[in-house]
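We have chain A already, so just place chain B on it with the hints.
Listed here are the chains, written in short residue letters.
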Amino acid sequence: MIFGFPILSTLIWLPIIGGLIVLFVGRDRDQLAKWIALIVSVLTFLASLPLWMEFDKTTAAMQFVERSSWIPQFNIQYYLGVDGLSMPLVLLTTFTQILVIASAWEVIKERVEQYMGAFMIMQGLMIGVFVALDGILFYVFWEALLIPMFIVIGKWGGPNRVYATIKFFLYTFFGSVFMLVGFLYMYFQSGSFSILDFQAMHLGMTAQILIFLAFLIAFAVKVPMFPVHTWLPDAHVQAPTAGSVVLAAIMLKMGGYGFVRFSLPITPDASMELDWLVIALSLIAIFYIGLVAMVQSDMKKLVAYSSISHMGFVTLGMFLVFDILQNTQSTQGSMIGMEGAMIQMISHGFISGAMFLMIGVLYDRMHTREISAYGGVVNTMPWFGFFAVLFAMANAGLPGTSGFVGEFMVILSSFKANPWYGIVAASTLIIGAAYTLWMVKRVFFGPVSNDNVAQLKDLNAREFTIMATLAVAVILLGIYPAPVIDVMHTSVENLLIQATTSKL
Amino acid sequence: MNHMNFVIPSFAPAMPEIVLLVLASLLLVADTIWSKRYEFATYYATQVILVVVGYLIFESFATEQVITFSGSFVRDTFGDVLKLFIVLISLGIFLFSKEYLLQKKFYKGEYFTLGLFGVLGMFVMVSAYNLITMYLGLEIMSLAIYALVAMRKDNQFALEAAMKYFVLGALATGMLLYGFSMLYGATGEIQFSKMAQVIASGKADDVVLSFGVVFVVIGLAFKLGAVPFHMWVPDVYHGAPTAVTLFMGTAPKLAAFAMLYRILIEGLPGLVQDWQTLIIIITVLSLAVGAIVTLVQDNLKRLLAYSGIGHVGFMLLGIVAATPDGYSAAMFYIIVYSITGVAGFGMIVALARTGNAFDKVSDFKGMNKRNPWLALMMLFVMFSMAGIPPFIGFYAKVTVIQEAVRSGFVWLAVYAVVTAVISAFYYLKVVKTMYFDEPDDNSKAEPVSRQLNWAVSFVSVALLILGLMPSSLITLCYNSL
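Sequences listed follow chains A and B, in order. Numbering of the first sequence is given in my numbering, commencing with residue 2 and proceeding in unit increments. Numbering of the second sequence is given in my numbering, commencing with residue 356 and proceeding in unit increments.
These aren't lab readings, by the way, just hints derived from the structure by calculation. Possibly wrong hints are sitting among the right ones.
Once the Cα atoms are required to be at most 30 Å apart in a straight line, the calculated DSBU-like pairs of lysine-lysine come out as [what the hints assert, rightly or not]:
#	chain 1	residue 1	chain 2	residue 2
1	A	Lys168	B	Lys720
2	A	Lys168	B	Lys391
3	A	Lys110	B	Lys724
4	A	Lys168	A	Lys58
5	A	Lys302	B	Lys715
6	A	Lys110	B	Lys720
7	B	Lys460	A	Lys168
Taking beta-carbon pairs under 8 Å as the criterion, some of the chain B residues facing chain A (in silico) [unchecked claim]:
#	residue
8	Met586
9	Ala768
10	Ala779
11	Lys787
12	Phe791
13	Pro825
14	Ile829
C-beta: ideal position from N, C-alpha, C; glycine also.
For reference, chain A alone in the conformation it holds in the complex (with noise of 0.2 Å):
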């Protein structure tokens, strides 16, 4: 709270509560349905800037904190805060939402009421998996979210998305079912449901084991990792523009946050056990989901299998601290692997989102994805081209970018742990260059390949004013990111402690 004043509640609730008045007053209103997400969205990210600002980068403890009791019998609280990890993960979700709802502003014709309200709902559950330091709200609040993404797909998606939504919802429902069971267990070791006091109790090797397998097929399916990342290119082809955002840009990152929240403080002996585990299926999506990534001859597809490429960099940064510490017997290495899995989330979450957009944007024109449909773009959409370009660069990790920063934090310290993951890692400056410029030349270069494409009509204002605002993100977190390290750092630094302390 600042000054009594409950900031992160009404980060949760303002969406939600906007989201329900739409749903309400919008029928057949579409304009004013529009605007009252579009000022709830910016109201949110404005609120959300106090986090940023009051932020207290020398302490791990979490900070905002409400705490009230919610359900007494069980011991279950309604109870929020944030430190370096989940700060700037909020701040993530409340820009992406403003331009979330600006990219469906001409694009939605049917109910779009329901659309805006379903993504204002979304946005405030999303904000509250982040703050919610209660094993049970957290659950509430990243299973809730299902819902509104279920019917955002299956309503608003392509022409196979009942398929797609109903294997995403049973994928991601199946993975976070043995979670809840973890947490059960966990609550009568404990007596809480409170994360900060499962991160404190102390557990056996076999305990630690099984709930970290059952975190793990949780935080699995949802970064993607390998193998359960099949409902990914499935549910992000189906789904709308904005959809696929809040899913790669967003949801995704549920997935490595709950890797840093859970699973390496809670089971660190497991993690220590298992970390090869993690390494192996991280490296198989970068390596492998890579070169799947290099065939699709759909645009959209591919940065679906770009993007959980480029999340594997997140769950391996995250992994190789043990290695590294046992290698170089300082933290040092490891923060940089931690650190650069952090900035990866954050970065993954401009890129992704923007080449999402990206395609929106084209396909909003020309209704298709197909690469082979398109050729010669630039000339007739200048503007678009620079930035598609410019996103591009980020996607295959030019320096500069923010998709270096990460990318390279995360090689420099895979090198320390082995140099062989180092060599793996790497591989996606090549593989991950080549798909991306791949489908740069084919779409954008060359000379104009059919008439519809020479029809094309360059970006409105409205488009230019997001891909402006994420060309910005990008470029600003490449060249500078200190400001975001900084406030990871202590909170980092904190995890490496809690990560690298047995419990036995």
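Just chain B now, kept in the frame of chain A:
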């Protein structure tokens, strides 16, 4: 023997039952006169009687156990909570039923008088403290429901369902009675607390007792509709008029739960080891059938019937835990399920068109286009049944799974959550049909009456509100045992 001395028993603890019996009997007579002159007099009288009885329970709410009628009748918090919910749920059932009977053009006062006797039977089951009273309550309830199922004399399906229900129901009561007789034979007692004492003292015949337990559990499983004694459930739910399905599928579950509690937990606590194993088997099977067989159902009534089997499986998880908290969780689960069931079956009633029943899943096609509000309400019901937060069904599942974990049945908890994921598929299928499928031209729903719209909305929104603030209902259940 003290209780053989003739002392006028204390009637006060049974006052709600006595008042209900007297008023229901009067109504039975009055109905023959009224039904000719005032169309809905019996219906309104029924609702008033329920409110009066509910008030009587509420006003004299039991805080401690009182036993009367020579130890055959008990009044306690556990029973009062269940009875209050039976009253609340019945109020909803009768409201939905009235509209349904009108729509289907076979509105009769008997439905409501029979329904009241059904409620009386449930009350007696909840408060029974010996085997005989338990049997009496069960039969009062069952007879009323047999008659209700057969009420639509012109409908072959309903008659077939009535026949099936009657024959299999009689078989089940036979089993139960057989088990009762063995329990009596082994312990020499019919009162639950005394049975428990004799068993604890070790004087009872173990072999006879074990057989008794098996038969009693079989009978209970029949009544609850748990696998492998569930075969009648889908057919009877499907064949019976929807109003009756609504009645059968909700409130009697509370009474059956009370019966289970009184017999197994109050009467046979010494035999936990024996019945726990049986219940585990039944739970595992019920969860599997509830999850898997439901997948292929296209008829919504059958779908809800099979999913109900799965829900009973979940409820039994709390019984398997064999701790007071486990029983409380089971109670919470069954109350939540009954409320959700009223909403689910109520939705079918609300959407019933003249002519064909609105009961195929495919009838829900494009409902979001035709009636977005009701589609949203149905979404609440489906997600609550699937156990997705923030709806109350989530907490119901969490509490029973939690108690299973607490008692060390982690494997069973994991198994249960896997079945929950499988069952999520068919709940999603209903939501999918409503939101993503285009409506067929010929499946225009009749406009829903305002009263039904309010009723359905009230129950469905309650699922959300209870889900946001579940603590009072949970506390109520945990404090009543």
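*May I ask which of the numbered hints given earlier this structure violates, with the numbers listed in increasing order?*
2, 4, 5, 7, 8
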